[in-house]
Amino acid sequence: MVQPGSGAGGYQRGGRVSRLEARFVLQRRGGFRLDIDLSLPGAGVSVLFGPSGCGKTTVLRCLAGLAQAEEGHLRLGERCWQDSETGRWVPTHRRPIGYVFQEASLFPHLSVAGNLAFARKRGAEPDGDDGDLIDLLGIGPLMTRRPAQLSGGERQRVAIARALATAPRVVLMDEPLAALDGARKAEILPFLERLHRELAVPVVYVTHSMDEVVRLADWLVVMADGRAVSTGPVTEVLSDVASSLASSDDASVALDAEVVGHDAEYGLSRLDVDGVELWIAGLERPLGTRLRIRIHARDVSVALFRPDGSSITNILPSVVEALAPAGAHQCTVRLRMGNGARLLARLTRRSCDLLALAPGAVVYAQIKGVVPIN
Amino acid sequence: MPELKIGPEDWLAIGLTARLAAVTLVVLFVIGTPLAWWLARSRSAAASVVSALVAVPLVLPPTVLGFYLLVLLGPQGPVGRLTESIGLGTLPFTFAGLVVASTLFSLPFVVQPLQSSFAALGERMLEAAATLRAGPLDTFLHVVVPLCRPGFLSAAVLGFAHTVGEFGVVLMMGGNIPGETQVLSIAIYNRVEAFEYDHAHLLAGGLLVFSFVSLLALQWFNRGRAPAGISGADA
Chain R
4 MVQPGSGAGG YQRGGRVSRL EARFVLQRRG GFRLDIDLSL PGAGVSVLFG PSGCGKTTVL
64 RCLAGLAQAE EGHLRLGERC WQDSETGRWV PTHRRPIGYV FQEASLFPHL SVAGNLAFAR
124 KRGAEPDGDD GDLIDLLGIG PLMTRRPAQL SGGERQRVAI ARALATAPRV VLMDEPLAAL
184 DGARKAEILP FLERLHRELA VPVVYVTHSM DEVVRLADWL VVMADGRAVS TGPVTEVLSD
244 VASSLASSDD ASVALDAEVV GHDAEYGLSR LDVDGVELWI AGLERPLGTR LRIRIHARDV
304 SVALFRPDGS SITNILPSVV EALAPAGAHQ CTVRLRMGNG ARLLARLTRR SCDLLALAPG
364 AVVYAQIKGV VPIN
Chain W
221 MPELKIGPED WLAIGLTARL AAVTLVVLFV IGTPLAWWLA RSRSAAASVV SALVAVPLVL
281 PPTVLGFYLL VLLGPQGPVG RLTESIGLGT LPFTFAGLVV ASTLFSLPFV VQPLQSSFAA
341 LGERMLEAAA TLRAGPLDTF LHVVVPLCRP GFLSAAVLGF AHTVGEFGVV LMMGGNIPGE
401 TQVLSIAIYN RVEAFEYDHA HLLAGGLLVF SFVSLLALQW FNRGRAPAGI SGADA
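Heads up: the sequence lines are chains R and W, in that order.
Residue numbering for the first sequence follows this note's numbering, beginning at 4 and increasing consecutively.
Residue numbering for the second sequence follows this note's numbering, beginning at 221 and increasing consecutively.
There's no promise every hint is true.
[Said to hold, decoys possible] Just some of the chain W residues that point at chain R, by a computed CB distance under 8 Å:
#  : residue
1  : Val319
2  : Ala340
3  : Arg344
4  : Met345
5  : Glu347
6  : Ala348
7  : Ala350
8  : Thr351
9  : Leu352
10 : Arg353
11 : Gly355
12 : Pro366
13 : Leu367
Simulated from the structure, these hints should not be mistaken for lab results.
Where is the CB? At the ideal position from N, CA and C, for every residue including glycine.
Input sequences plus hints: build the corresponding full structure.
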């Protein structure tokens with residue numbers, strides 16, 4: 004954990020929490036129209052999720068002042084950065100933001116240290132020390148190199164450190180992993196997860212990858228055609244059967260869990276998910292580790308009676324909350340477990356009819372796969 | 221045959237030429253840098269008109285430019301009357317007049333390399349600087365200038381060398397006054413007129429070597445630092 008007051012303060016947890024309130028209306032030539040209201044929490048990671056061209060990057064650019072919505076307003080706590088009614092407009096260089104572009108966009112004429120110093124000098128804490136940031140992102144050995152001498156993943160880590168070196172009040176990340184291949188992504192994600200845990204300032208993160216949503220999001224805004232189609236805590240939005248997410252092949256829920264036991268003989272770990280017990284295989288983490296798990300809808304099936312002699316370990320009594328069709332022949336079913344947390348199950352319509360599933364029905368959810376994601 | 225060496229009047233011409241090229245270069249950067257910035261970033265119709273106007277000296281015979289300047293800045297011309305009425309006198313046949321003429325004449329040689337390097341820089345570096353709290357001037361000095369160094373260097377060498385090498389405009393505008401408007405190219409012309417070919421060789425050869433060496437140095441310098449990875453995108 005980064006120690007508060009060690010010089011690089013301001014980006015650790017514990018700062019004053021101020022919500023990000025925004026409304027942007029923007030008409031582009033060619034017919035694209037952005038019309039969105041946002042109220043994002045003042046801590047944690049808010050993910051703007053949606054397909055290419057849905058306007059999520061435009062929203063981020065409006066937040067940064069790199070694009071200007073014709074109509075709208077933007078407030079971070081007490082500060083107002085834009086208000087089209089009063090004509091108020093704060094240019095990008097006067098907004099205390101940190102921005103990470105899809106491509107690292109480091110200054111090629113400066114070394115890594117020079118890039119960090121450029122940001123530090125102009126930021127809110129010019130006398131601060133970058134030591135913690137350098138450790139957090141593992142870029143110590145790269146300080147004297149030029150951007151051209153770095154790999155894509157290294158560049159992106161430096162870009163993240165550079166954005167944080169200004170001691171921003173909000174961090175904006177525009178698909179920071181999209182330009183990287185699978186191996187590079189895997190290299191950066193643990194750093195992003197660390198930031199997620201250790202950063203005090205809110206992060207607004209744009210992505211079209213469900214994997215990144217499940218790994219990083221606390222708050223989720225699903226966008227389509229320039230609008231927000233669903234908004235809320237990530238667990239709620241993911242388990243909303245009416246949303247487009249629930250009908251996709253990727254439909255899944257994310258749950259926060261803690262390791263509470265091990266079965267060394269079978270290589271299983273016992274997880275506590277807010278009062279519900281789940282077993283997971285192949286997780287070698289010490290007791291007390293907190294982690295997020297993902298359960299795909301396609302890995303959950305439903306039985307009316309507690310099955311005896313099933314090969315499935317995780318069988319949980321649940322109540323059917325809602326059903327929605329997913330494609331022509333399948334259904335997504337939302338289940339509420341004993342602790343109130345939701346699961347999604349992907350069933351065939353035939354099974355739904357045979358079992359006469361309807362809201363309120365008491366069933367047993369059989370979970371075939373629990374995937375740890377950090 | 222008299223001993224062949226560079227005499228005091230030659231030194232006068234060389235000194236004058238160097239002074240003219242240096243003063244002109246300063247004026248060129250003061251005018252040319254914001255002009256090139258605007259041309260590189262504006263998409264307005266006015267920009268293409270101005271861009272063409274700036275390039276006119278590339279194709280126009282220098283005597284034509286010199287002739288119009290003479291008419292415009294002379295005692296009967298509109299600008300000449302203005303400069304006289306505010307007590308500046310008229311500009312033709314003065315050093316100041318040569319600076320004005322050289323600036324117009326060499327403008328494309330400064331504006332075009334700057335404009336193309338500003339255009340190649342792209343928007344992203346400027347956006348990145350803005351998100352790091354750098355204001356416009358800060359960004360220009362600490363991001364644009366270092367990244368466009370080859371452009372600035374080309375502009376400086378071409379602007380200087382081109383001013384050193386001008387003849388027609390000077391002849392029309394400045395005439396042939398030693399120490400005031402008699403630049404090196406005019407001095408060479410005088411030698412040739414007087415059939416002093418050996419002396420003309422000396423000065424002409426010197427100019428040839430100077431031009432060649434400055435362009436060669438520019439080539440080497442700009443090759444050494446190709447503007448790699450300006451966009452910062454992954455290779």
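Here is how each hint holds up against the structure:
| no. | hint | result |
| --- | --- | --- |
| 1 | Val319 | 33 Å, violated |
| 2 | Ala340 | 12 Å, violated |
| 3 | Arg344 | 5 Å, holds |
| 4 | Met345 | 7 Å, holds |
| 5 | Glu347 | 5 Å, holds |
| 6 | Ala348 | 4 Å, holds |
| 7 | Ala350 | 4 Å, holds |
| 8 | Thr351 | 4 Å, holds |
| 9 | Leu352 | 5 Å, holds |
| 10 | Arg353 | 4 Å, holds |
| 11 | Gly355 | 5 Å, holds |
| 12 | Pro366 | 4 Å, holds |
| 13 | Leu367 | 6 Å, holds |
Violation of the numbered hints given earlier is confined to hints 1 and 2; the remaining hints are satisfied by the structure.
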